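Number of protein chains: 2
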Amino acid sequence: MNGLMMNYQLTLPTLMKRAETLHGKKQIITRQPDKSLHRYTYTDFALRTKKLSVALQQLGVMPGDRVATLCWNHYQHLEIYFGVPSFGGVLHTLNLRLSPDDLEYIVNHAEDKVIIVDQVLLPLFDKFKSKINVKHVIVIPNAGQPIPEGTLNYEEVIASSDERKYIPFEGDENTAAAMCYTSGTTGKPKGVLYSHRSIVLHSMVSAYAEGLSITEADVVLPVVPMFHVNAWGLPFTCTMLGSTIVFPGPYLDPISLLELVEKERVTITAGVPTIWLGILNVLDATPGKYNLSALRSMIVGGSAAPRSMIKSFQERHGLSILHAWGMTETSPLGSIGILNSEIQKENIELRYDYRAKQGVPVAFVEIRGRNEDGLIPWDGKTMGELEIRGPWIASAYYNSPEQDDKFTEDGWFRTGDIVTLDDKGYIEIKDRSKDVIKSGGEWISSVALEGALMGHPAVAEAAVFAIPDEKWAERPMACIVLKEGKTATREELKKFLEPLFAKFWLPDAYEFVKEIPKTSVGKFKKSVLREQFNTYKA
Amino acid sequence: MNGLMMNYQLTLPTLMKRAETLHGKKQIITRQPDKSLHRYTYTDFALRTKKLSVALQQLGVMPGDRVATLCWNHYQHLEIYFGVPSFGGVLHTLNLRLSPDDLEYIVNHAEDKVIIVDQVLLPLFDKFKSKINVKHVIVIPNAGQPIPEGTLNYEEVIASSDERKYIPFEGDENTAAAMCYTSGTTGKPKGVLYSHRSIVLHSMVSAYAEGLSITEADVVLPVVPMFHVNAWGLPFTCTMLGSTIVFPGPYLDPISLLELVEKERVTITAGVPTIWLGILNVLDATPGKYNLSALRSMIVGGSAAPRSMIKSFQERHGLSILHAWGMTETSPLGSIGILNSEIQKENIELRYDYRAKQGVPVAFVEIRGRNEDGLIPWDGKTMGELEIRGPWIASAYYNSPEQDDKFTEDGWFRTGDIVTLDDKGYIEIKDRSKDVIKSGGEWISSVALEGALMGHPAVAEAAVFAIPDEKWAERPMACIVLKEGKTATREELKKFLEPLFAKFWLPDAYEFVKEIPKTSVGKFKKSVLREQFNTYKA
Numbered sequence: 002m003n004g005l006m007m008n009y010q011l012t013l014p015t016l017m018k019r020a021e022t023l024h025g026k027k028q029i030i031t032r033q034p035d036k037s038l039h040r041y042t043y044t045d046f047a048l049r050t051k052k053l054s055v056a057l058q059q060l061g062v063m064p065g066d067r068v069a070t071l072c073w074n075h076y077q078h079l080e081i082y083f084g085v086p087s088f089g090g091v092l093h094t095l096n097l098r099l100s101p102d103d104l105e106y107i108v109n110h111a112e113d114k115v116i117i118v119d120q121v122l123l124p125l126f127d128k129f130k131s132k133i134n135v136k137h138v139i140v141i142p143n144a145g146q147p148i149p150e151g152t153l154n155y156e157e158v159i160a161s162s163d164e165r166k167y168i169p170f171e172g173d174e175n176t177a178a179a180m181c182y183t184s185g186t187t188g189k190p191k192g193v194l195y196s197h198r199s200i201v202l203h204s205m206v207s208a209y210a211e212g213l214s215i216t217e218a219d220v221v222l223p224v225v226p227m228f229h230v231n232a233w234g235l236p237f238t239c240t241m242l243g244s245t246i247v248f249p250g251p252y253l254d255p256i257s258l259l260e261l262v263e264k265e266r267v268t269i270t271a272g273v274p275t276i277w278l279g280i281l282n283v284l285d286a287t288p289g290k291y292n293l294s295a296l297r298s299m300i301v302g303g304s305a306a307p308r309s310m311i312k313s314f315q316e317r318h319g320l321s322i323l324h325a326w327g328m329t330e331t332s333p334l335g336s337i338g339i340l341n342s343e344i345q346k347e348n349i350e351l352r353y354d355y356r357a358k359q360g361v362p363v364a365f366v367e368i369r370g371r372n373e374d375g376l377i378p379w380d381g382k383t384m385g386e387l388e389i390r391g392p393w394i395a396s397a398y399y400n401s402p403e404q405d406d407k408f409t410e411d412g413w414f415r416t417g418d419i420v421t422l423d424d425k426g427y428i429e430i431k432d433r434s435k436d437v438i439k440s441g442g443e444w445i446s447s448v449a450l451e452g453a454l455m456g457h458p459a460v461a462e463a464a465v466f467a468i469p470d471e472k473w474a475e476r477p478m479a480c481i482v483l484k485e486g487k488t489a490t491r492e493e494l495k496k497f498l499e500p501l502f503a504k505f506w507l508p509d510a511y512e513f514v515k516e517i518p519k520t521s522v523g524k525f526k527k528s529v530l531r532e533q534f535n536t537y538k539a
Numbered sequence: 002m003n004g005l006m007m008n009y010q011l012t013l014p015t016l017m018k019r020a021e022t023l024h025g026k027k028q029i030i031t032r033q034p035d036k037s038l039h040r041y042t043y044t045d046f047a048l049r050t051k052k053l054s055v056a057l058q059q060l061g062v063m064p065g066d067r068v069a070t071l072c073w074n075h076y077q078h079l080e081i082y083f084g085v086p087s088f089g090g091v092l093h094t095l096n097l098r099l100s101p102d103d104l105e106y107i108v109n110h111a112e113d114k115v116i117i118v119d120q121v122l123l124p125l126f127d128k129f130k131s132k133i134n135v136k137h138v139i140v141i142p143n144a145g146q147p148i149p150e151g152t153l154n155y156e157e158v159i160a161s162s163d164e165r166k167y168i169p170f171e172g173d174e175n176t177a178a179a180m181c182y183t184s185g186t187t188g189k190p191k192g193v194l195y196s197h198r199s200i201v202l203h204s205m206v207s208a209y210a211e212g213l214s215i216t217e218a219d220v221v222l223p224v225v226p227m228f229h230v231n232a233w234g235l236p237f238t239c240t241m242l243g244s245t246i247v248f249p250g251p252y253l254d255p256i257s258l259l260e261l262v263e264k265e266r267v268t269i270t271a272g273v274p275t276i277w278l279g280i281l282n283v284l285d286a287t288p289g290k291y292n293l294s295a296l297r298s299m300i301v302g303g304s305a306a307p308r309s310m311i312k313s314f315q316e317r318h319g320l321s322i323l324h325a326w327g328m329t330e331t332s333p334l335g336s337i338g339i340l341n342s343e344i345q346k347e348n349i350e351l352r353y354d355y356r357a358k359q360g361v362p363v364a365f366v367e368i369r370g371r372n373e374d375g376l377i378p379w380d381g382k383t384m385g386e387l388e389i390r391g392p393w394i395a396s397a398y399y400n401s402p403e404q405d406d407k408f409t410e411d412g413w414f415r416t417g418d419i420v421t422l423d424d425k426g427y428i429e430i431k432d433r434s435k436d437v438i439k440s441g442g443e444w445i446s447s448v449a450l451e452g453a454l455m456g457h458p459a460v461a462e463a464a465v466f467a468i469p470d471e472k473w474a475e476r477p478m479a480c481i482v483l484k485e486g487k488t489a490t491r492e493e494l495k496k497f498l499e500p501l502f503a504k505f506w507l508p509d510a511y512e513f514v515k516e517i518p519k520t521s522v523g524k525f526k527k528s529v530l531r532e533q534f535n536t537y538k539a
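Protein sequences, first through last, are from chains A and B.
Start counting the first sequence at 2; every next residue gets the next number (this note's numbering).
Start counting the second sequence at 2; every next residue gets the next number (this note's numbering).
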């Protein structure tokens, strides 16, 4: 027997309609390429988004068609976020930090029909435009120059459209709404296809008091790019709530961000650890210069935030970091580093320990860990690969059946993150599954060894990875970059590690190198190291 | 094209699983009939609920079958809340304040298969048990007496069951999970049938920072009965979050409640205005006696809370009332009296004005008002009947096709509440649609006239209602109960109202009566007055 409740589908146009109806006067603020601030309201946003929706359909974009963006964070990007799904189209954000080869591959794999490009990003677009086949190129004229021949002007596209023809999509909530490709360090990028339902449910959980705790009264600055898992869903969550949004445009340097936080009285912001490290340095160098009294939460994700950074912000500047964890495949919110009522009663150092973990799963996200012996106990010690399921977790990659082994037979997603789970449900990431070292049936965390080695006063960078071993299958090896003018020997490093780890964790080999190969986003390319030292004998 | 997200159905067993997994040590506390406090944990709760689920199926209860409860708020009721839907059964809470005739009608109309009764409520059950036909009567032995012959003992039912046979329902989220009958003042009670989906989505919105703002760290005391629209969903929301729950059992008097709030350091509580009025009287009479420092939010709903009460709590006791609005048909959360960022900047009296309104619709609830001219403008003045739609709003009543006119052709629910809507989206209830007086094409609020009349020093109670009029169709008439020892004439009352209302609003007739007929829950029975004075000439 079914309930007798309304069949009300969870779709994105509903979020915009609410902002327009209840919060029409609230502002959306954008730092433009010329550094001026553009301001308009949710009423303006809704009007232009409706025009965009109508215009794209008049250009021949059909429900299900992909519309790519190559854009910074700004109000036009928000219009596209809602305008494309508003008629059943699929928003496809492109990561402007990828190589032209990757971008070419992604646009062609997604079969994008239209691409919308920031004028300031045309130099990047020019590097792959001849290798893709889209029906229309639309340029957002934000560099104040004439737009190239053969492209459409975003402002003219909007101006020529009639918003009265707007008909919001109210179909099946499982319809695709957005897509995002992972920028994996190995293999080709893989497409994740979000539905209206998954984005709406993700927005709902984000609005929990113990989620990101956003309200209408908040002023939210998403530093995290809109091409990075939909800026962690913030544009959707904020629109649902009518929060003021502040978009930083292309200016992600610490000074520009701090000025924006102070001037607009930002209350919540979000970004990766490197952003906050840069800001911490500026705050430490110029104490008291910026009035950040409105700021109540700095959300960090993307990679593990150092405990010391969390502590420094809190103790030196009274600023609160909130750690969250997720992936492109998880929309991204999977877990959040809130302290439960038990831990809140603990001493401050233990509280910092917990704040530096990846947190507990949010409601409707289920987790488990698995190693070669099966599901791991929640003991805070045993390592296993994190598996996850929930209504906003990917069930497959777009047109990539060869990736089906990333999903278990009973329908969970294999995250590739090696974690421990404790009895309170807190996740702590220890490694990536391809990087963990499997030595004689035990798992060794390369991340833990690297962290320890980088605590040695002479070490600038350390990468730890597996080399083959006849007896143990794999053994750890370390590549070390020394700080300028400093020296250290293998024996010294070994002695330094000995008190910190079980004996079998200690690297069998150390190699001193000039630099460690890195990906476009600054992560160690351990696959290159593994190949290079494949036949190394300690 | 569909998204590629997991098909993860939103079902109630997921909420319990989360509490068990992450918050197993958290407490659920119950005031028992002997006034002692029963304590156990979510781990205990989950174990017993699984046993109950298995036992009910062994008793022959099938998916879709209704299991009725005649119970106060306590931990066993929570077990039934989850145990029945956990296998696809339908929880049916009975309002113990209804007449035996109504209860008989409801049980028979719902075709309940099992009824679970508090031992302390057997005297009420005995009044209609011979007129219903259920397969099993299960008695919760909370009066310390032997249970009657022919009934099952709830504790024995649980004890004899094997939780290892528990299989949580993970089917279609649109499956019915719970039902509740309205206790309308006119006509027969009507059944509302909630789905797993509607309850889960309602729980999600309740957890918003700008919803009820509940977190795991909260200690929540639902004074609102669990037979009253599922205690406004709090048992579900709290379980989802792992909040500590405090159940008051049968003791809803102000002193018992205040002692519980103090002793358990309750942070959030919820109930109807009469509960808080009683508590306000005690606090005023014994200032400083109770330490309520943990209490951060008192949610009020069910009927309009007087502005003066909200102000008195805030100014005399530092306690914050949060007004919400809803109905059995709306799960119930429809709107919430949070102050938006614009109103937060206004002066304190205007803020109280807004806190006494019914608030703005929560996310995914859409509202509109309609009068004889069509949809009303959002001007804060024009009255119309509130229509509402959303994913947790009823689309029909259970087996009551004759009630289909309560739903519009385009799928909105007609609430029967006459409201104004202002430009910020705030709802203010002016009347019930059957009570509003339609005079010469204009609507007159009976509630506003009654409120004014009851402000006269000689008036104890005033009911205003429509009498037929040849020229104007309807005209207002007032029935007045004078305070003991006080007098007032028709002319005096008319003069008293004149400066407050437009001339055509003033009642044509006044009648002094000994008492005003009332329903079981204390509302004026205006239908009786309308009939009595049907041929009255002013």
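Fair warning: there could be bad hints in the mix.
[To be verified] In silico SDA-like pairs for lysine to any residue, Cα to Cα no more than 25 Å straight-line:
1) B:519 <-> B:509
2) A:264 <-> B:345
3) A:18 <-> B:3
4) B:346 <-> A:40
[What the hints assert, rightly or not] To list a few chain B residues with every Cβ distance to chain A over 10 Å, as calculated:
5) 60
6) 128
7) 217
8) 449
For the record, the hints were derived by calculation from the structure and aren't laboratory data.
Model, not experiment: these values are computed from the prediction.
C-beta atoms are modelled at their ideal positions from N, C-alpha and C, and glycine is treated no differently.
Here is what the structure says about each hint:
1. B:519 <-> B:509: At roughly 23 Å apart (the allowed maximum being 25 Å), residue 509 (chain B) and residue 519 (chain B) satisfy the hint.
2. A:264 <-> B:345: Answer holds: residue 264 (chain A) to residue 345 (chain B) is near 20 Å, not above 25 Å.
3. A:18 <-> B:3: holds, 23 Å
4. B:346 <-> A:40: holds, 21 Å
5. 60: holds, 19 Å
6. 128: holds, 29 Å
7. 217: violated, 6 Å
8. 449: holds, 26 Å
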